[in-house]
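Number of protein chains: 2
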Amino acid sequence: MSTSTYGGFFEASDLTDAEVDEIEARFVPVADDLRRLGTLAIGSEVGDDEVSRAREHLAAAADLLGRKCRETPSGVQHNATGRSWQWGNAVIGRRNPVAPPMTVERHADGSTSAALFLGNGYEGPPTMVHGGVSALLLDHLMGVTASSMKKLTMTGTLQLRYTRPLPLGDVWLAGRIVSDTGRKVTVTAEIGGADGAAVEAEGLFIVPSWSVAPDGDR
Amino acid sequence: MSTSTYGGFFEASDLTDAEVDEIEARFVPVADDLRRLGTLAIGSEVGDDEVSRAREHLAAAADLLGRKCRETPSGVQHNATGRSWQWGNAVIGRRNPVAPPMTVERHADGSTSAALFLGNGYEGPPTMVHGGVSALLLDHLMGVTASSMKKLTMTGTLQLRYTRPLPLGDVWLAGRIVSDTGRKVTVTAEIGGADGAAVEAEGLFIVPSWSVAPDGDR
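Chains as they are written, first to last, in the working numbering: chain F, 1 to 218; chain L, 1001 to 1218.
Derived from the structure by calculation, the hints contain no laboratory data.
The structure presented is a predicted model; accordingly, all values stated were derived computationally and were not measured.
Each residue gets a CB set at the ideal place from its N, CA and C atoms; glycine is no exception.
The reader is advised that the hints may include incorrect statements.
Derived SDA-like pairs (lysine to any residue); straight-line CA-CA distance at most 25 Å [to be verified]:
| id | chain 1 | residue 1 | chain 2 | residue 2 |
| --- | --- | --- | --- | --- |
| 1 | L | 1068 | F | 68 |
| 2 | F | 151 | F | 198 |
| 3 | L | 1150 | L | 1079 |
| 4 | F | 151 | L | 1163 |
| 5 | F | 68 | L | 1036 |
| 6 | F | 151 | L | 1161 |
Coverage of chain F stretches by chain L, computed from C-beta distances (three or more under 8 Å per stretch; other residues unrestricted) [said to hold, decoys possible]:
| id | region |
| --- | --- |
| 7 | 122-136 |
| 8 | 152-160 |
| 9 | 176-186 |
Using the sequences and the hints given, assemble the complete structure.
Spelled out as structure tokens, the structure:
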């Protein structure tokens, strides 16, 4: 039913843009509901009776959503208009309650940025963003910075320098390309909060050999 | 009502071990329910009617759990017996559906290890673990490796080398200390799957000045 490109990286979808919009309108609110429920699962102080009744509702919701479900990972889909989506991605997946989700903005000069809210589920040190969550978000933003519709890259190396704790709440990220030799792209990026940058990163992103077209123009 | 130690890092709790066990028995299954629901939110293909009814159940569950809820992050709690817990931690938080959750084993020689299942919500490249998720888990395991009851450390620098893609599913991690100069601990670690290591990491973990007791023995 579907073909794929880039060595199978993208899965070709028969969905029209309108159908993708419709599906997102249906399921993104479910992920948002689950994000809120995740915060309650951490902090709730109700008793056994309320929890027991809540779990009955969660089981009923799972029964309804599970009546028809793709069990394989969502992958990276794209359709005939060139639209692409990654509903289950751990960082940007809009249908994935594990993801904050982050949205990466691309600017005319090739730089990137993002702004998002990190709530209680992203904690490491008390009241602070987990250092590994900063690494997770930076890796994703830097990968987007290094890649394009014409160039698919994978993380080769990543160096992170933690300069100060980052409080939970509103955070920002910024990335830019510092060199691009064709198959190897070096990117720098930062994540920070109201007090300035908290983690500085440099990464080498590599175009995998399997994504290079036989005519060599990718 | 509570005091704190280590410059506020730990929050002293009045809960007994039995009370902590009781609370975990009540809420960890809620987080597990939400982990399953997260996978369904990504992959479900049911229609508007089922989703609408599922969302009513999710709202009812949120109402029940939210009747009494701590809104501040869960932090790192410890009680009089020396037990400590981090219910909301992004990696190990047992009440946090964002967390897989990982459990780190400490071995007699100071090394550490972990084994866990990463499902569809941790995806980056299609069917593969997000490179940033590997960074997240490694950062946490390495921080545990560097720290102890006598020494609290924070990530200083982290270098990651990605050697092969890591499929979603069962993964393992292993870490060890390679040098410890008192205030600075160097740790190496790997994450991999059935095919061997996929990401190699080296990190420098630092004892923050605010955690050093005035008598200098920390």
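Checked hints:
Proposed proximity of residue 1068 of chain L and residue 68 of chain F is contradicted: the alpha carbons are some 34 Å apart, above 25 Å. The hinted pair formed by residue 151 of chain F and residue 198 of chain F fails the criterion: a straight-line CA distance of about 29 Å is larger than 25 Å. Only pairs whose Cα atoms come within 25 Å are accepted, and residue 1150 of chain L paired with residue 1079 of chain L is accepted, the gap being roughly 16 Å. A hinted pair counts as satisfied when its Cα atoms are at most 25 Å apart, and residue 151 of chain F with residue 1163 of chain L qualifies at roughly 20 Å.
The straight-line distance between the Cα atoms of residue 68 of chain F and residue 1036 of chain L is roughly 14 Å, inside the 25 Å bound, and the hint therefore holds. A C-alpha spacing of about 21 Å is found between residue 151 of chain F and residue 1161 of chain L, which places the hinted pair at or below 25 Å, so the restraint holds. Coverage of the region 122-136 of chain F by chain L holds in this model, with 12 residues showing a Cβ closer than 8 Å to a Cβ of that chain against a need of three. Closer than 8 Å: that is the beta-carbon criterion, and the region 152-160 of chain F has 7 residues meeting it against chain L, so the requirement of 3 holds.
Counting residues of the region 176-186 of chain F whose beta-carbon sits less than 8 Å from any beta-carbon of chain L gives 0, not enough to reach three: the coverage restraint is violated.
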